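Enquirer: Sequence:
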Amino acid sequence: MSESSFMAKNPKNQKSPATSKWSQEVTEHSHALDLEEGVFTWDDPRKIAESLKQSADSSRHRKTTPFQSAMSMLVFYINRAGKNLAPAQAAILEEAKQELRKLYGKA
1 MSESSFMAKN PKNQKSPATS KWSQEVTEHS HALDLEEGVF TWDDPRKIAE
51 SLKQSADSSR HRKTTPFQSA MSMLVFYINR AGKNLAPAQA AILEEAKQEL
101 RKLYGKA
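Numbering-wise (our numbering), the sequence shown opens with residue 1 and increments by one.
Hints may be right or wrong, so weigh each one.
Unchecked claim - Once the Cα atoms are required to be at most 25 Å apart in a straight line, the calculated BS3-like pairs of lysine-lysine come out as: (1) Lys63 to Lys83; (2) Lys47 to Lys97; (3) Lys63 to Lys53; (4) Lys53 to Lys106; (5) Lys106 to Lys63; (6) Lys102 to Lys47; (7) Lys102 to Lys53; (8) Lys97 to Lys63; (9) Lys83 to Lys106; (10) Lys63 to Lys102; (11) Lys97 to Lys53; (12) Lys97 to Lys83.
Don't read these hints as lab results, they were simulated from the structure. Computed from a predicted model, the values in this text were never measured in an experiment.
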C-alpha cells in the first residue's frame with residue numbers, strides 16, 4: 001500500500017467540517033476581548049496597540065494577563081490572515097507588537 005493511499009484512508013489525517021474552520025468560529029464568536037471595529041486594518045501601530053491594551057485591560061472574559069490577551073489577539077489575527085495579509089499591513093502589525101510591549105513595560 002502506498003503512503004498516499006494510506007494517508008487518504010487514515011481518519012486522523014482527515015479534517016471534519018467542524019474542526020477545519022475552528023479559527024473562523026473563534027473570530028466570529030469569541031468574547032475574549034471586545035475589539036474596536038477594524039482595529040487590525042489601521043495604519044498606526046501605536047493606535048492599534050493602545051486599542052488592544054484598552055480592550056484587554058477592561059475585559060472581564062480573559063483568562064490570562066492583559067498583556068498576554070492583547071498579544072494573543074494580535075498574533076492570532078496575523079496568523080489567521082496568513083498570506084492574505086498585505087506586506088505593508090503585516091509590517092504595521094509587527095510594529096504594533098513592539099508598541100504593545102512598550103505600553104506594558106515589556107520592551
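Enquirer: None of the hints should be skipped; say for each whether it holds.
Expert: Structure-based check of each hint:
no.: 1; hint: Lys63 to Lys83; in the structure: violated, 29 Å
no.: 2; hint: Lys47 to Lys97; in the structure: holds, 11 Å
no.: 3; hint: Lys63 to Lys53; in the structure: holds, 15 Å
no.: 4; hint: Lys53 to Lys106; in the structure: holds, 13 Å
no.: 5; hint: Lys106 to Lys63; in the structure: holds, 19 Å
no.: 6; hint: Lys102 to Lys47; in the structure: holds, 13 Å
no.: 7; hint: Lys102 to Lys53; in the structure: holds, 11 Å
no.: 8; hint: Lys97 to Lys63; in the structure: holds, 20 Å
no.: 9; hint: Lys83 to Lys106; in the structure: violated, 28 Å
no.: 10; hint: Lys63 to Lys102; in the structure: holds, 22 Å
no.: 11; hint: Lys97 to Lys53; in the structure: holds, 11 Å
no.: 12; hint: Lys97 to Lys83; in the structure: holds, 19 Å
Violation of the numbered hints given earlier is confined to hints 1 and 9; the remaining hints are satisfied by the structure.
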